[in-house]
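S.K.: Spelled out, the chains give:
There are 2 protein chains.
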Amino acid sequence: MDFEGFLKDLSSFLDKNQILLEKEDVLFYSLDRTKDFEPNGSCVVFPKSTEEVQKIVLLANQYKIPLVPSGGRTGYSGGAVATNQEVIISLSKMNRILEFDATLPAITCEAGVITKHLQEKAKEHHFYFPVDFASSYSSLIGGNIATNAGGIRVIRYGSLRNWVSGIEVVTGKGEVLNLWGKLIKNNTGYDLKQLFIGSEGTLGIITKATLLLTQIPKNTVVFLISCKNFSDVLECLKESKHHIKEILCFEVFDSSCMELVCSKHQLKNPFSNVPSDVWYVLIEAEIHQDEEIPYMDFINSIADFSIDVLYSTTESIKKGFFRFREDISEAVAMSGRFHKNDISIPISYMDQFIKNIKELVNQHYKDYQLFLFGHAGDGNIHVNLLTSYEKDINQFKKEMQEFDLQLYGMIKHYNGSISAEHGIGLLKKPYLLYTRSPQEIEYMKSIKKIFDPNNILNPGKIFDL
Amino acid sequence: MDFEGFLKDLSSFLDKNQILLEKEDVLFYSLDRTKDFEPNGSCVVFPKSTEEVQKIVLLANQYKIPLVPSGGRTGYSGGAVATNQEVIISLSKMNRILEFDATLPAITCEAGVITKHLQEKAKEHHFYFPVDFASSYSSLIGGNIATNAGGIRVIRYGSLRNWVSGIEVVTGKGEVLNLWGKLIKNNTGYDLKQLFIGSEGTLGIITKATLLLTQIPKNTVVFLISCKNFSDVLECLKESKHHIKEILCFEVFDSSCMELVCSKHQLKNPFSNVPSDVWYVLIEAEIHQDEEIPYMDFINSIADFSIDVLYSTTESIKKGFFRFREDISEAVAMSGRFHKNDISIPISYMDQFIKNIKELVNQHYKDYQLFLFGHAGDGNIHVNLLTSYEKDINQFKKEMQEFDLQLYGMIKHYNGSISAEHGIGLLKKPYLLYTRSPQEIEYMKSIKKIFDPNNILNPGKIFDL
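These protein sequence lines are chains A and B, in that order. Everything in the first sequence is counted per our numbering, starting at 408 for the first residue and increasing by one. Everything in the second sequence is counted per our numbering, starting at 408 for the first residue and increasing by one.
Next comes chain A alone, as it looks inside the complex (with noise of 0.2 Å):
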């Protein structure tokens, strides 16, 4: 590893302000959103086109120096921290929308591109990129795909996977791929392309990618449900697939989750004489005709499920209700110390894996508290733990990778996911045996020395070689 020779022959052909070297610059880079590693990354590169990318891929391959890919360092796994004096290649200055091509209809773009604007441009062409989350404004193209992002319209539209016709990639080797580009049909050999979606870095660095629109989603209703327990949210669940065409979302959140939201922003519980412990589903569905109770064939296959339904198609009450479920993980960071996970299991589960989940946590974890919600249309739930600022930070630490290790017991039990949207990086690479065999790990570390022979690309994210 020779880093003066490496930054040498990086200068022969990137500009001055290509390269940054400032300490606090470096270290601002190497970090994602979370908050559990130590940055350390060595320099920040910022290649300007697809032969810049693979130049610096070769020499890293040349020099052995490990690059840290990087987008928008909004992720929450720690797949994008530099800890160990890597270089980090930032794919920002790459962020030319290319083409708009109204055939598929799809846009065409250098990897660097903030997924907002990639938004905003289809929105302009009267189409709809439909993976949206709440890091849109900050997130890059590149690395969503590289995350397979999710959202909260997963149910209606799938994840990035879906919505992904072709990319650029720049492999661990060093070689630019051209995967499938604005082909719909192509069966002639395996799926390359889709190794890299979801890969977080590891096997390649995407530069270009080709993404499908669809049309923008037009009038909607949004239902807010109570049921008496979850085995009844999944009857709403059932109903909702056979009643309602296209769900956008169908969320889910407990008693003590509306609760605290309520009490932290002063908002009335719309429901009155709720029981204790019921649980709230929100779902929002397209609606095509106008019709004045909009579905009111799902909402009578509910009626033995659900203690109470509201509606409405006005945005002002939709954006009301919308808060009870958007607001939760805000509220439960601003009331304590906190811990959270989003993991999925399969929906059918759901119902007894929470029921245990809550066992646990009374039997061995009484002074936190736990608020269950999440995309229960996706088997995604987010596991949230909270207690008080007095419980001490190092004693907290303990319990909570106990819990962990409990939690990822019952998801190995239930075939589940221990990321459902996050990834694995750093932060869950000691648990990847929970969600995936001993033989499935070996074939991934296999296809990564075919892509990366070197190990220059993100090494020791995912898995250790």
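Some hints here could point you the wrong way.
Each pair may be met inside one copy or between any two copies, as identical chains are not told apart.
Cut-off 27 Å, straight-line C-alpha distance, at most; resulting in silico cross-link-like pairs (DSS-like, lysine-lysine) [stated by the list, open to error]:
1) 530 / 645
2) 852 / 580
3) 415 / 652
4) 523 / 645
5) 671 / 530
6) 471 / 852
Calculated directly from the structure, the hints in this document are not laboratory data.
Following the hints, put chain B in place on chain A, whose structure we already have.
M.R.: For chain B alone, kept in the frame of chain A given last:
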């Protein structure tokens, strides 16, 4: 390779009726729908469980016996033919439907379930399995997944890849992997499942799958539109993407196709006073409202791009419209010596591509008639050439080989696919470089070696190692 030893060990756990050795039977199972290969399998085995599949694969590794995974043998690329004394491993006795899950909704079944049975089971539960094609009565689910089957409604539902929630697969090494199961969200490293989808049995033998279902499409309208050239067809496509929410298919065929179908089946062209050399567009779309004229805004939007527009919501008339498209392939096959190609290119290049094909045929294949038709909405076009039975068969073969090379050269130029749906198999193996780069092919070979180090599974399909 000790075939006798292999057989003896097989007999220790397979019943007699699970092993076919009669030459005639074996030859029957040695072929798919291609006619270009000499059938030459050594025997057929019919495992009844994943464990038996695994044992067979492990034995095959031990004795170095090549295996051809076999489904309904409805493929058109020789992906399931046995030409080299391979043992055919037929999944047809693993045909149980295991579970319906109403929360996704999804059906889990063994790989040997016939497509139609799955469709019917979905219908029993008031849902729809949307991947449908002509061979649904004989093709098996495992084969559909291994070839990433498409069919007539890809523009609406995508290929089979989009409908696979999870698979169980026995790799070439003989390891059983359970990939994704019933998880909708799972970002925990590489999505290995995607590699097996479309791998034509070269990486593993799919034994079970969980397939997603959707709602049954209700009322539809069918448009039949005449356009003066292909450029106008593309304008109709673009407008349809704006104005029609749920396009179920967007098909196209040229005047030659229309005239041939009308003459073969004594049908009347439904348009009066059609100029020569027009294009016909067939669109099916879901309708949500009772309008007198569905999608009037779409019809208005294509006023400048269409000669005439017919439409109907009446079943018998819609069926009549569909016949003009559906009967083309058979009508060509009935009319002389014919040659087919199933290719795709980015839609926006289709106009120029079609001009190039026409020039090529006009200049060099004057005694052939060209028929162009296909799924224009997917960039997928069937290029058929027809000549008289009087042409010498060897001369015909030679000319068509030349034509293919010229066609594939154009496809390479436009970044297209030499096999939109049918796969590579044996038939298109010599031409893989026209559609995948040398680097991609090297990566594919390396991946093959990981999952199937002894080259036991479908050796010689897609590429030679």
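S.K.: Against each hint, give a clear statement of whether it holds in the structure.
M.R.: Going through the hints against the structure:
| no. | hint | in the structure |
| --- | --- | --- |
| 1 | 530 / 645 | between (33 Å within a copy, 16 Å between copies) |
| 2 | 852 / 580 | both (15 Å within a copy, 16 Å between copies) |
| 3 | 415 / 652 | neither (59 Å within a copy, 55 Å between copies) |
| 4 | 523 / 645 | between (33 Å within a copy, 24 Å between copies) |
| 5 | 671 / 530 | neither (35 Å within a copy, 48 Å between copies) |
| 6 | 471 / 852 | both (19 Å within a copy, 26 Å between copies) |
Taken one by one, the earlier hints fail for this structure at numbers 3, 5, listed in ascending order.
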